[in-house]
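**Student:** Given the structure of chain P, go ahead and fit chain X onto it with the hints provided.
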Amino acid sequence: MQFTQKDILDMESLSRDEINLILDTAVRMKEISERPIKKVPTLRGKTVVLFFHEPSTRTKMSFDIAAKRLSADCHSISASTSSLVKGETLLDTARNLQAMNPDVIVIRHSSGGAPHMLARTMHACVINAGDGMHAHPTQSLLDMMTVREKKGDLNGKRIAIIGDIAHSRVARSNCVGFTRMGADVVLAGPPTMIPRGIESLGARVARNIDEAIRDADVIMMLRMQKERQKGFLFSTEREYARVYGLSRDRIKNIRKDALIMHPGPINRGVEISSEVADGPYSVILDQVENGVAVRMALLYLVTGGTRNVYAD
Amino acid sequence: MSTLIKGGKILDPGNIDAMGDILVDGDRIRKIYCCGDGKPATSSSEAKPDKIIDASGKIVVPGLIDMHVHLREPGHEYKETIETGSRAAAHGGFTTICCMPNTRPVNDCREITGYILSQAKKAGLARVLPVGAVSRGLEGKQLSEFHEMKSAGAVAVTDDGRPVTNTLLMRRAMEYARGAGLLVISHCEDLDLALNGVMNEGETAARLGLSGIPNAAESIMAARDILLCELTGVPVHIAHVSAKETVDLIRAAKNRGIPVTAETAPHYFSLTDKAVEGYNTNAKMNPPLRTEQDRNAVREGLADGTIDVIATDHAPHSDMEKEVEFDQAANGVIGLETSLPLGLGLVEKGILTLSQLIEKMSKNPARILGLKTDLIQGNAADITLIDLEKTFTVDAGAFHSRSRNTPFNGWQLRGKAVLTMMSGRIVFEDL
Chain P
1 MQFTQKDILD
11 MESLSRDEIN
21 LILDTAVRMK
31 EISERPIKKV
41 PTLRGKTVVL
51 FFHEPSTRTK
61 MSFDIAAKRL
71 SADCHSISAS
81 TSSLVKGETL
91 LDTARNLQAM
101 NPDVIVIRHS
111 SGGAPHMLAR
121 TMHACVINAG
131 DGMHAHPTQS
141 LLDMMTVREK
151 KGDLNGKRIA
161 IIGDIAHSRV
171 ARSNCVGFTR
181 MGADVVLAGP
191 PTMIPRGIES
201 LGARVARNID
211 EAIRDADVIM
221 MLRMQKERQK
231 GFLFSTEREY
241 ARVYGLSRDR
251 IKNIRKDALI
261 MHPGPINRGV
271 EISSEVADGP
281 YSVILDQVEN
291 GVAVRMALLY
301 LVTGGTRNVY
311 AD
Chain X
1 MSTLIKGGKI
11 LDPGNIDAMG
21 DILVDGDRIR
31 KIYCCGDGKP
41 ATSSSEAKPD
51 KIIDASGKIV
61 VPGLIDMHVH
71 LREPGHEYKE
81 TIETGSRAAA
91 HGGFTTICCM
101 PNTRPVNDCR
111 EITGYILSQA
121 KKAGLARVLP
131 VGAVSRGLEG
141 KQLSEFHEMK
151 SAGAVAVTDD
161 GRPVTNTLLM
171 RRAMEYARGA
181 GLLVISHCED
191 LDLALNGVMN
201 EGETAARLGL
211 SGIPNAAESI
221 MAARDILLCE
231 LTGVPVHIAH
241 VSAKETVDLI
251 RAAKNRGIPV
261 TAETAPHYFS
271 LTDKAVEGYN
281 TNAKMNPPLR
291 TEQDRNAVRE
301 GLADGTIDVI
311 ATDHAPHSDM
321 EKEVEFDQAA
331 NGVIGLETSL
341 PLGLGLVEKG
351 ILTLSQLIEK
361 MSKNPARILG
371 LKTDLIQGNA
381 ADITLIDLEK
391 TFTVDAGAFH
401 SRSRNTPFNG
411 WQLRGKAVLT
421 MMSGRIVFED
431 L
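Going line by line, the protein sequences match chains P and X. Sequential numbering from 1 applies to the first sequence in this note's numbering. Sequential numbering from 1 applies to the second sequence in this note's numbering.
Bound conformation, chain P alone (with noise of 0.2 Å):
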């Protein structure tokens, strides 16, 4: 199957093919980085271009070392070196950055929507590294792996989301895309952080955090943002960890092979207790080592590889 698509900017793009095509191919791209030398010619001559709005440090690292194991050429700008602090817009930045004649841009934006006017304007392709509280597509894919890699298959699993949804950009990637995959999302969180009309995603809401992760194969929390209690949408950590965090004894009753995750990074005590993320049930470290895989792929795909990466 040829990769079609020109820019990777949120999960409602991609079929169902293509996201098994980036899967597979994140899978042989695993191999790469378990090599004694991990690194292969494949995007030599290529230029891929961080743009990262928003601090980033385990997103812009993973794709900093995805680039750099295929040979890329990797430049990172961030806001506070970028022309963006002396007041450019952000679609002259990218004309400029256009002008120079990158093959991929990856962006991390504030603002949803930013990687759609970035797509819009530039010839290179644009990889959404997160925007806004829209899309987090990358973010998606490395879950679909990690859950691909242990459970086999995506079809017919329960997925639970559980925390900030409304804010949460993960959330939204992946009530799209595991939906798509045929697998059922159920999000549970405080009723404040629930937005209306979240079921268009395709995910249901579950009443409370327990009947949500009961008979879950994959627990997903959430990061909570302290600067939240602003908005009145939640009352302290201290309740919050109490009822929408995962404990010890909150996980007595969950599925003996159920995973759970989080998209990092992790405010233990708050969302999730320490013996819960260092347990056996996480696999927290598996979703960051899958990130690079997915990155390499992804940048792989768009600049149109098509030839074979064992062969390189």
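No wet-lab data here; the hints were simulated from the structure. Quantities reported herein were computed from a predicted structural model and do not represent experimental measurements. Some clues are possibly wrong.
[To be verified] Here are the simulated DMTMM-like cross-link-like pairs (lysine to aspartate or glutamate), alpha carbons at most 20 Å apart as the crow flies:
1. P:K86 with X:E321
2. X:K6 with X:E429
3. P:K86 with X:D319
4. P:K86 with X:E323
5. X:K6 with X:D387
6. P:K60 with P:D73
**Tutor:** Using the frame of chain P, we list chain X on its own:
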């Protein structure tokens, strides 16, 4: 100089609905010649006009009035000027437009009111009626000088663009406005509830990951202002109604005899929040586009008289404010050059009669503002000719407004103004 507008169908709801001719002399209507309509037929053959306008096949109506536009001058002339806005108005069939006070500086004193009127006079393309600020600097802290602005030519007051959040200030503004003989127009929005919202709260917002504004952010304030209207007995005009609940509140208030009036904008009866899809900043305005249910409620409100007026909330912005990230983009769309055709769309759909549409775009605004615009002898010759059959494609690039921010670019529309006469002068003609 005299002009005879000949052979059109004259439609001045409540006054004339008949074939006839209008003789204009100078800036006034000299005489109306009608046949049919139960009245004795009169013939214009006695008239000896200098010029004849062939209005056959056209509808001749009192000049349209848009009681809610932003002309951006003074302060933001790169978006619109009084001249370009007036020209856009003329092309849309409007002879009278009310301009909102959120300019820079704010129109909160007689000097700015006077400046606007002098610029409008210089342009000479539309009757511009300034609306002053309720509070000085739109800051919501102190009443501005209503009497001074009134004597300089203001017709109403509002803090439009933002609500009057202090309920006592709103009450006093209404009472003070009665003393000054000004209409109070209310932008209804509970800012706390709207918070950082950038579009309607609901499915589309949930999917796009954009912060939502619930209907209640509008209707809670509308309810407050209706109660203040009842308390003070002073009429209040609710601007840009977008939500079903607001329509319901206004309907109930009118049934109780409360002197509230209301307007909606063409985008609220033409579009839903689905237009935002793809992060379309030309579908971003405040209040936001709502759901299908709300759009239907707005249409019903227009049909049953709950909503008195169609006003555009014409809000010009340049690419600098619109070609940016959606949540960073400015609120507002332009509307002067598409309002009448979109309104005629309601007539074509059978939601309004043509007569009702003219009421909402001319007669009712005139009544609410206390303007004399009937097509009768002696009144100012503000007249619009409409061709119901003329089809065209909206081309934002060809607009006379200085800005291009319309959600209707590329739409195929049917029916438009083909001649606009203001004070006896033809300010737009495309016959």
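**Student:** Now look at each hint and say whether the structure bears it out.
**Tutor:** For each hint, the structure was consulted:
Under the criterion of a C-alpha separation no larger than 20 Å, the hint pairing K86 of chain P with E321 of chain X is consistent with the structure, at around 17 Å. About 15 Å separates the Cα atoms of K6 of chain X and E429 of chain X, which keeps this hinted pair within 20 Å; it holds. Proximity of K86 of chain P to D319 of chain X is assessed by CA-CA distance (about 18 Å); at most 20 Å being required, the pair is judged to hold. For the hint linking K86 of chain P to E323 of chain X, the alpha-carbon distance of about 18 Å falls within 20 Å, and the restraint holds.
With a C-alpha separation of about 14 Å, the suggested pair K6 of chain X and D387 of chain X falls inside the 20 Å cut-off, and the hint holds. Between K60 of chain P and D73 of chain P the CA atoms are separated by roughly 15 Å; this keeps the pair inside 20 Å, and the hint holds.
Of the numbered hints stated above, none is contradicted by the structure.
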